[in-house]
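With chain L's structure known, arrange chains S and U on it following the hints.
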Amino acid sequence: MVVILEHFNYILIIIMLMAGLYVIYANHNLIKKLVGLALFQTSVNLFYISMGKITGGVPPILTEADMQAQNGQLETVYSNPLPHVLILTAIVVGVATLALGLSIVVRIREAYGTIEENEIDAIEYEHNLEGVKG
Amino acid sequence: MDFVTPAFILDVGLLAMLLVVAFAIVRLRSLFAIVMLQGVFSLLCAAWFVSLDAVDVAFTEAAVGAGVSTVLMLGAMLLTEREAKPVPVRLKILPLVIVTIAALAMFYAIPDMPGFGDGTAQVNTYMGQYYVEATAREMFIPNVVSTTLASYRGYDTFGETTVIFLAGLGIYLLLGFNGKAGQWQASPAGEDIAGKVSDETSDGEGA
Amino acid sequence: MNPHIILRITAKILIPLIAMFALYVQFHGDLSPGGGFQGGVILASAVILYALIFGLDAARRAVPPVALRIGMSLGVLTFGGTGVAAWLVGGNFLDYTAFAPHSHHAAGQHWGIFSIELGVLFTVSSVMVAIFYGFASRVPDLSDKDW
Numbered sequence: 011m012v013v014i015l016e017h018f019n020y021i022l023i024i025i026m027l028m029a030g031l032y033v034i035y036a037n038h039n040l041i042k043k044l045v046g047l048a049l050f051q052t053s054v055n056l057f058y059i060s061m062g063k064i065t066g067g068v069p070p071i072l073t074e075a076d077m078q079a080q081n082g083q084l085e086t087v088y089s090n091p092l093p094h095v096l097i098l099t100a101i102v103v104g105v106a107t108l109a110l111g112l113s114i115v116v117r118i119r120e121a122y123g124t125i126e127e128n129e130i131d132a133i134e135y136e137h138n139l140e141g142v143k144g
Numbered sequence: 009m010d011f012v013t014p015a016f017i018l019d020v021g022l023l024a025m026l027l028v029v030a031f032a033i034v035r036l037r038s039l040f041a042i043v044m045l046q047g048v049f050s051l052l053c054a055a056w057f058v059s060l061d062a063v064d065v066a067f068t069e070a071a072v073g074a075g076v077s078t079v080l081m082l083g084a085m086l087l088t089e090r091e092a093k094p095v096p097v098r099l100k101i102l103p104l105v106i107v108t109i110a111a112l113a114m115f116y117a118i119p120d121m122p123g124f125g126d127g128t129a130q131v132n133t134y135m136g137q138y139y140v141e142a143t144a145r146e147m148f149i150p151n152v153v154s155t156t157l158a159s160y161r162g163y164d165t166f167g168e169t170t171v172i173f174l175a176g177l178g179i180y181l182l183l184g185f186n187g188k189a190g191q192w193q194a195s196p197a198g199e200d201i202a203g204k205v206s207d208e209t210s211d212g213e214g215a
Numbered sequence: 062m063n064p065h066i067i068l069r070i071t072a073k074i075l076i077p078l079i080a081m082f083a084l085y086v087q088f089h090g091d092l093s094p095g096g097g098f099q100g101g102v103i104l105a106s107a108v109i110l111y112a113l114i115f116g117l118d119a120a121r122r123a124v125p126p127v128a129l130r131i132g133m134s135l136g137v138l139t140f141g142g143t144g145v146a147a148w149l150v151g152g153n154f155l156d157y158t159a160f161a162p163h164s165h166h167a168a169g170q171h172w173g174i175f176s177i178e179l180g181v182l183f184t185v186s187s188v189m190v191a192i193f194y195g196f197a198s199r200v201p202d203l204s205d206k207d208w
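Residue numbers (the working numbering), protein chains in the order written: chain L, 11 to 144; chain S, 9 to 215; chain U, 62 to 208.
Extracted from the complex, chain L is given alone in its bound form (with noise of 0.2 Å):
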């Protein structure tokens, strides 16, 4: 019991993952498979920078007495500044990866006429059937 209420954060984001997981193994419209990985992505920056949170710390600014410190020791405690940063890329990156996607989508539509995955499938079938075929 102590375990769960310890790690609840763990278990309820691994839900969540699970669930962006879902959303883009069992749709086939290809927007709702690319928000199923926004929320992916969303949900693991999140593991992340619950990993680096500190109990009585404070966000990583620091405080005017720490700046006045010489030697190197500090009075506040502060939370783990190291997640942050490489969310803070993540997240940006992830923006900028949907975006070629989204794009990639559009030209889908205008070349197939549909953004679904089943009938790009059997569209791509038929024509490389005439290939064959022709």
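Bear in mind the hints are in silico, worked out from the structure with no lab data behind them.
Computed from a prediction, not measured in an experiment: that's the story for all the values here.
Be aware that a few hints might be false.
The calculated DMTMM-like cross-link candidates involving lysine to aspartate or glutamate, where the alpha carbons are at most 25 Å apart (straight line), are [unchecked claim]: (1) S/K93 <-> L/E85; (2) U/K73 <-> U/D118; (3) S/K93 <-> L/E126; (4) S/K93 <-> L/E134; (5) S/K93 <-> L/E129; (6) L/K43 <-> S/D164; (7) L/K43 <-> L/E120; (8) S/K93 <-> L/E74; (9) S/K100 <-> S/E89.
Coordinates of chains S and U only, in the frame set by chain L:
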């Protein structure tokens, strides 16, 4: 039960809202509602980041995830479809089984993870504390995340800026800033070859 | 009487404030949460708001796509250029202490961080506006159904 503080209740409340939004995204078929709920999910994540003392990350998630990303998805959705077609139930059983097995495997690993808020865990003691102390000692800049991003881990930020530039380049090539990309006709030496190559390429070129 | 007059007047008041806030976030990244990425996205959202309310053609006259192409590359160039400038002054690549080696207040670090955050601002704001232009200028195949 001494850790059931108001902060804990806030954390659990925000996480519960996140779970509800995630399940709504799984069940809905209207793409407009799904895109809007993804924006709501990002905003709730930004609120939870503030509760976890990650203020820079909350700022970026709110601006990027709840702002720009929703606008881009709406733009893409307006150019494609408004509703997703339904998927028969028999095709959803295998994904559910796979996802459940993956979730159980990850649950099995949870007792080895550091506890929530543990300051003595291995992940929080080595490099993170070094960056805070080094910033206090030699940088004279209060924001530790800024100094780490720009100076101690400057190479990663350089790579990230290049990736964003490449995304802009890709959008320029795929869609074009005037809406005309993908509609050019190749004409080497002035000769129009669009009719001759259209059998070999996919259906979209030379439209 | 334009039916969107309330939106237009509110936007005219808000957009300069949003742009000013973006620059504030960018330059106060050292003292408070902020920095290049956040400032760049807020600046891009000011331009996107202008495009949403006043139309894409007006926004394209205000921020032409040529400026976006230049801005994207200028940002990466500024970032890499800071690293190369550190080389030329005598340090390693992206070693900012080479800019002011005899300073007691890490002035070299201040200059280096200022310069690369400026590069990040140019790239991020240009790319976000460019992505919006890419989606918004494409003509949809179907006619718009009623919402």
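Cross-check of the supplied hints:
For a cut-off of 25 Å, the pair hint linking S/K93 to L/E85 is broken: about 58 Å separates their Cα positions. Among the hinted pairs, U/K73 with U/D118 is consistent with the structure: their alpha-carbon atoms are about 17 Å apart, no more than 25 Å. Taking the CA atoms of S/K93 and L/E126, the gap is about 8 Å. The hint holds against a cut of 25 Å. For the hint pairing S/K93 with L/E134, the CA-to-CA distance comes to about 19 Å; that is within 25 Å, so the pair holds.
The hinted pair formed by S/K93 and L/E129 meets the criterion: a straight-line CA distance of about 11 Å does not exceed 25 Å. Between the alpha carbons of L/K43 and S/D164 the distance comes to roughly 29 Å, so the proposed pair goes past 25 Å and is violated. The suggested pairing of L/K43 with L/E120 holds, with an alpha-carbon distance near 18 Å, which does not exceed 25 Å. Using a Cα cut-off of 25 Å, the hinted pair S/K93 and L/E74 is violated, with the two alpha carbons roughly 58 Å apart.
Note on S/K100 and S/E89: the hinted pairing holds, with a Cα-Cα distance of about 22 Å set against a maximum of 25 Å.
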